[in-house]
Amino acid sequence: MLAKRIIPCLDVKDGRTVKGVNFVDLRDAGDPVELAWQYSEQGADELVFLDITATHEKRKTTIDLVKAVARQVNIPFTIGGGINEMRDAEILLNSGADKISINSAAVRNSQLIDDLAKAFGTQFVVVAVDTRLVDGKNYVHLRGGRDKTDIETENWIKEAESRGAGEILLTSMDHDGTKNGFDNGLLKKINDTINIPLIASGGAGNQQHFVNTFQQANVDAALAASVFHYGEILIPDLKETLRKNGIVVR
Amino acid sequence: MIGIVNYGAGNIFSLTAALDRIQVAHGMINTQEDFDKYSHVIIPGVGHGGAAMKKLQDTGLVDTILALQKPVLGICVGMQLMTSFSEEGNADMLNIFPVKTLHFDKRISSKVPHMGWNSIKIENNSPLFTDIPDNSYFYFVHSYFIERDEATVAATCSYDLDFAAAFQKNNFYGVQFHPEKSGKFGEQLLLNFSRF
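If you read the protein sequences in the order shown, they are chains W and P. Going by my numbering, the first sequence opens with residue 6, and the numbers climb by one from there. Going by my numbering, the second sequence opens with residue 4, and the numbers climb by one from there.
There's no promise every hint is true.
Listed next, the in silico EDC-like pairs over lysine to aspartate or glutamate satisfying Cα-Cα at most 20 Å (straight line) [stated by the list, open to error]: (1) P:K187 with W:E39; (2) P:K114 with W:E166; (3) W:K123 with W:D140; (4) P:K73 with P:D95; (5) P:K109 with W:E166; (6) W:K72 with P:D23; (7) P:K58 with W:E95; (8) P:K114 with W:D197; (9) P:K114 with W:E164; (10) W:K72 with P:D165; (11) W:K163 with P:D108; (12) P:K124 with P:D108; (13) W:K193 with W:E157; (14) W:K123 with P:D108; (15) P:K103 with P:E150; (16) P:K57 with P:D95; (17) P:K114 with W:E159; (18) P:K114 with P:D165; (19) P:K187 with P:D23; (20) W:K193 with W:E159; (21) P:K109 with W:D197; (22) P:K109 with P:D137; (23) W:K193 with W:E237; (24) P:K103 with P:D37; (25) P:K187 with P:D137; (26) W:K123 with P:D134; (27) P:K187 with W:E46.
Computed footprint of chain W on chain P; a stretch qualifies when at least three of its residues, placed anywhere within it, have a C-beta under 8 Å from a C-beta of chain W [what the hints assert, rightly or not]: (28) 21-27; (29) 70-81; (30) 106-116; (31) 120-126; (32) 183-196.
Hints are computed from structural coordinates only; laboratory data are not their basis. Think of the CB as a built atom: it goes at the ideal place given N, C-alpha and C, for glycine as much as any other residue.
My request is simple: use the sequences and hints to build the entire structure.
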């Protein structure tokens, strides 16, 4: 059976791994390549790197990182951050990235999803969506949750799927950094409306939170950062817990 | 030494990186003469099956591939190229294996693409899986699957329906998953192939 995936997310700034609590004060948690290799050894199913300072000038650092990861790590990985045009994506693909994640650029120019999917295949295109509840409705937010748009999250995700997104990475900004669990109500609602994989993100604090999101929202994968980086949850322990709860894992 | 057929279907950085990790020498095949330099051949492939077949035909290497006596491994779309026909672009393929490449869509209720780690059942004592336990997990990303044929199947995977995760016939082998992205067992499979 297809296994549920556990995905550590590594936020990268200037070639180093950081994790922002609610995306504000950043703490250093090590060398991304070393960390990536350790995660793959522990049994992580996939990795996501978010380059949070990606600019044109710093692009080379990111490309070097992608190449180093592709050389040393034997599981799939996604790179996101600062991908605004086809050329950015193509360079990352040729450097060994399995998937790219686009967020604000897709909201600003949704045609980018179609173009990327057509050129490189839908499996290459992860659309990351940051959502926040405002007056009882979920709206897409940009810039790490700071800027509200007028686009309703559910509508945006459906549009992204129809344009060729291969996967959705949905981060609840209301839950992110709280360690109170994933937003399973929203995740289930979204998951019931789409036919592409959904990755839950934001709010993981303990192992039970992963059990809950797989059981309650039936998501395909769950992503977390700090609980893994600081060793609060070890991936082999987490997989054992999931297995005991009848969830298929690798 | 493994030669990788370079016909422009997808990036091969991950594949060459995996071969480097297991210390298997490799190079690129661009012309008919290049085949003579290598003991083994890998046909990679990502993307659209029909388009990949067109690109392979454009290289003019098809007849040489069909006549090869040395071990040949097709990966993902590279495996699909070895089938008789693909619903992706309704394309006639190399027809090394008498099976078709079909779309998951409308045949299953689960999500398409089939993306992630799935377990496989080893069949016909396939040497591809030497030193790999039965029911091991491999990484798949595909929307089209290959029919399971009792005589040639090397591993079966189940995603609402059973399909060929790997097949073998004479010197030709194919895997639907990505061994270069499938952890230690994927690397073992590539190592096994390099020793054929």
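| said: With the threshold set at 20 Å, check whether the alpha-carbon distance from K58 of chain P to E95 of chain W stays at or below it. | reply: holds, 19 Å
| said: Run the distance test for K109 of chain P versus E166 of chain W: straight-line Cα separation, threshold 20 Å. | reply: holds, 17 Å
| request: With a C-beta cutoff of 8 Å, work out whether three or more residues of the stretch 70-81 of chain P approach chain W closely enough for the coverage to hold. | output: violated (count 0)
| request: For the pair we were handed, K123 of chain W and D108 of chain P, check the Cα-Cα distance against 20 Å. | output: Roughly 18 Å between the alpha carbons, so the hint for K123 of chain W and D108 of chain P holds.
| task | Verify the proposed pairing of K73 of chain P with D95 of chain P, using a straight-line Cα cut of 20 Å. | result | Cα-Cα ~24 Å, so violated.
| message | Can you confirm whether the C-alpha distance between K103 of chain P and D37 of chain P stays at or below 20 Å? | response | Not satisfied, since the Cα-Cα distance of roughly 30 Å exceeds 20 Å.
| message | Three residues or more, CB to CB closer than 8 Å: is that satisfied between the stretch 21-27 of chain P and chain W? | response | holds (count 3)
| When you check the alpha-carbon spacing of K187 of chain P and D23 of chain P, does it fall within 20 Å? | OK: K187 of chain P and D23 of chain P at ~14 Å, within 20 Å.
| task | Given the hint that K187 of chain P pairs with D137 of chain P, test it: the Cα-Cα distance must not exceed 20 Å. | result | holds, 14 Å
| message | Need the status of pair K163 of chain W, D108 of chain P: alpha-carbon distance at most 20 Å? | response | holds, 18 Å
| message | Can you confirm whether the C-alpha distance between K123 of chain W and D140 of chain W stays at or below 20 Å? | response | The hint is violated at about 37 Å.
| query | Is the straight-line distance between the alpha-carbon of K114 of chain P and that of E159 of chain W 20 Å or less? | reply | Judged against 20 Å, a Cα distance of about 18 Å means the pair holds.
Violated hints, listed in ascending order, are 3, 4, 10, 12, 22, 23, 24, 26, 29; each of the other numbered hints is respected by the structure.
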